[in-house]
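Residue numbers (this note's numbering), protein chains in the order written: chain A, 64 to 175; chain B, 2 to 114.
Where hints are given, some of them may not hold.
[Claimed, not checked] Some, not all, of what chain A presents toward chain B, calculated at C-beta under 7 Å:
1. L106
2. L108
3. F153
4. T163
5. F166
6. G167
7. P168
8. G169
[Claimed, not checked] In silico DSSO-like links for lysine-lysine, alpha-carbon gap of 27 Å or less:
9. B:K2 x B:K69
10. B:K96 x B:K2
11. A:K72 x B:K101
12. B:K43 x B:K101
13. A:K72 x B:K43
14. B:K69 x B:K96
15. B:K101 x B:K2
16. B:K101 x B:K69
17. B:K43 x A:K77
[As the list claims (entries may be wrong)] Label pairs and their in silico Cβ distance ranges:
18. B:V21 x A:I117: 37 to 45 Å
19. A:G66 x B:S53: 20 to 28 Å
20. B:G61 x A:S143: 40 to 48 Å
21. A:L175 x B:K43: 20 to 28 Å
22. A:N125 x B:E16: 44 to 52 Å
None of these hints come from the bench; they were simulated from the model.
No experiment lies behind these values; they were computed from the predicted model shown.
Each residue gets a CB set at the ideal place from its N, CA and C atoms; glycine is no exception.
Each chain, letter by letter, is given below.
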Amino acid sequence: NAGVTQTPKFQVLKTGQSMTLQCAQDMNHEYMSWYRQDPGMGLRLIHYSVGAGITDQGEVPNGYNVSRSTTEDFPLRLLSAAPSQTSVYFCASSTVLGETQYFGPGTRLLVL
Amino acid sequence: KQEVTQIPAALSVPEGENLVLNCSFTDSAIYNLQWFRQDPGKGLTSLLLIQSSQREQTSGRLNASLDKSSGRSTLYIAASQPGDSATYLCAVNRKDSSYKLIFGSGTRLLVRP
Numbered sequence: 064n065a066g067v068t069q070t071p072k073f074q075v076l077k078t079g080q081s082m083t084l085q086c087a088q089d090m091n092h093e094y095m096s097w098y099r100q101d102p103g104m105g106l107r108l109i110h111y112s113v114g115a116g117i118t119d120q121g122e123v124p125n126g127y128n129v130s131r132s133t134t135e136d137f138p139l140r141l142l143s144a145a146p147s148q149t150s151v152y153f154c155a156s157s158t159v160l161g162e163t164q165y166f167g168p169g170t171r172l173l174v175l
Numbered sequence: 002k003q004e005v006t007q008i009p010a011a012l013s014v015p016e017g018e019n020l021v022l023n024c025s026f027t028d029s030a031i032y033n034l035q036w037f038r039q040d041p042g043k044g045l046t047s048l049l050l051i052q053s054s055q056r057e058q059t060s061g062r063l064n065a066s067l068d069k070s071s072g073r074s075t076l077y078i079a080a081s082q083p084g085d086s087a088t089y090l091c092a093v094n095r096k097d098s099s100y101k102l103i104f105g106s107g108t109r110l111l112v113r114p
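Just chain A, same shape as in the assembly (with noise of 0.2 Å):
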């Protein structure tokens, strides 16, 4: 099993440009997240999905967009980039709520 992949790994864009991060897992799980981590904040919850077809808000979701059409993709849209969106991105995914989470490597968006 390849486990959590994203791509890319790393992007730039200018202010107002939009983009989609992909995450994909082949484990079926049925729960998929998208955090951002900033230094000295931790991670934090953008969206996530407990199922396709299912989404819904985390703690910082301004800015984004998400959508689940299969239950192995979870993309992450920006639909137009802000320097404040500077950020490393992570997905995350599980079997149900209570189970071990597991991350995939990290996207790393450079906004200017």
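Given chain A, work out where chain B should sit, using these hints.
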């Protein structure tokens, strides 16, 4: 609002020393608590998960304890090695249906040879 705090923010110890990392949380209504390890430039690796009904979990040289009433968890690392150098994060899972992990800011550990 649930807040998770980890002290100290950084720790440097000589190889072979036993050490304790601390995690505190403000709301005792948690579903479980997880400890993660993060190497520089990498993702998070789950080390131990403690359900709210449990007092401790062990994996090899690692032992995590949970005291819900006092809002505290500790991660004990026995006989530390340079390969243990990493950032250790704790996270609590809220006791509702929201599936939300609340993370601490982490303790950066350096084990000196």
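Evaluation of the provided hints:
Proximity of L106 (chain A) to chain B holds as hinted, the smallest CB-CB distance being about 4 Å (cut-off 7 Å). At about 5 Å, the closest approach between the beta carbon of L108 (chain A) and any beta carbon in chain B falls short of 7 Å, and the interface hint on this residue holds. Because the beta carbon of F153 (chain A) sits about 6 Å from the nearest beta carbon in chain B, less than 7 Å, this interface hint is met. Checking T163 (chain A) against chain B: minimum C-beta separation of about 5 Å stays under 7 Å; hint holds.
For F166 (chain A), the interface hint holds, since its Cβ comes within 7 Å of a Cβ in chain B; the closest pair sits about 4 Å apart. Interface restraint check: G167 (chain A) against chain B, minimum CB-CB distance 6 Å, threshold 7 Å, status holds. With a least beta-carbon distance of about 5 Å to chain B, the hint placing P168 (chain A) at the interface is held under the 7 Å criterion. Residue-level restraint check for G169 (chain A) holds (minimum Cβ-Cβ distance to chain B is 5 Å; threshold 7 Å).
At most 27 Å may separate the alpha-carbon atoms for a hinted pair to count; K2 (chain B) and K69 (chain B) meet this at roughly 16 Å. With a C-alpha separation of about 12 Å, the suggested pair K96 (chain B) and K2 (chain B) falls inside the 27 Å cut-off, and the hint holds. Of the pairs offered as hints, the one joining K72 (chain A) and K101 (chain B) holds, with about 25 Å between alpha carbons and a cut-off of 27 Å not exceeded. The straight-line distance between the Cα atoms of K43 (chain B) and K101 (chain B) is roughly 21 Å, inside the 27 Å bound, and the hint therefore holds.
Annotation: proposed proximity of K72 (chain A) to K43 (chain B) holds, straight-line Cα distance about 10 Å (limit 27 Å). Proposed proximity of K69 (chain B) and K96 (chain B) is supported: the alpha carbons are some 12 Å apart, at most 27 Å. In summary, the hint linking K101 (chain B) to K2 (chain B) is supported, as the alpha carbons are separated by about 12 Å, within the 27 Å threshold. With a C-alpha separation of about 18 Å, the suggested pairing of K101 (chain B) with K69 (chain B) holds against the 27 Å cut-off.
Distance check on the hinted pair: K43 (chain B) and K77 (chain A) sit about 25 Å apart at the alpha-carbon level, within 27 Å; holds. Take V21 (chain B) and I117 (chain A): their Cβ atoms lie about 40 Å apart, and the range 37 to 45 Å holds. Take G66 (chain A) and S53 (chain B): their Cβ atoms lie about 27 Å apart, and the range 20 to 28 Å holds. In this structure the hint that G61 (chain B) and S143 (chain A) lie 40 to 48 Å apart at CB holds, the actual value being about 47 Å.
Here the CB-CB span from L175 (chain A) to K43 (chain B) is close to 25 Å, well matched to the stated 20 to 28 Å. The supplied range of 44 to 52 Å is met by N125 (chain A) and E16 (chain B), whose beta-carbon atoms lie about 45 Å from each other.
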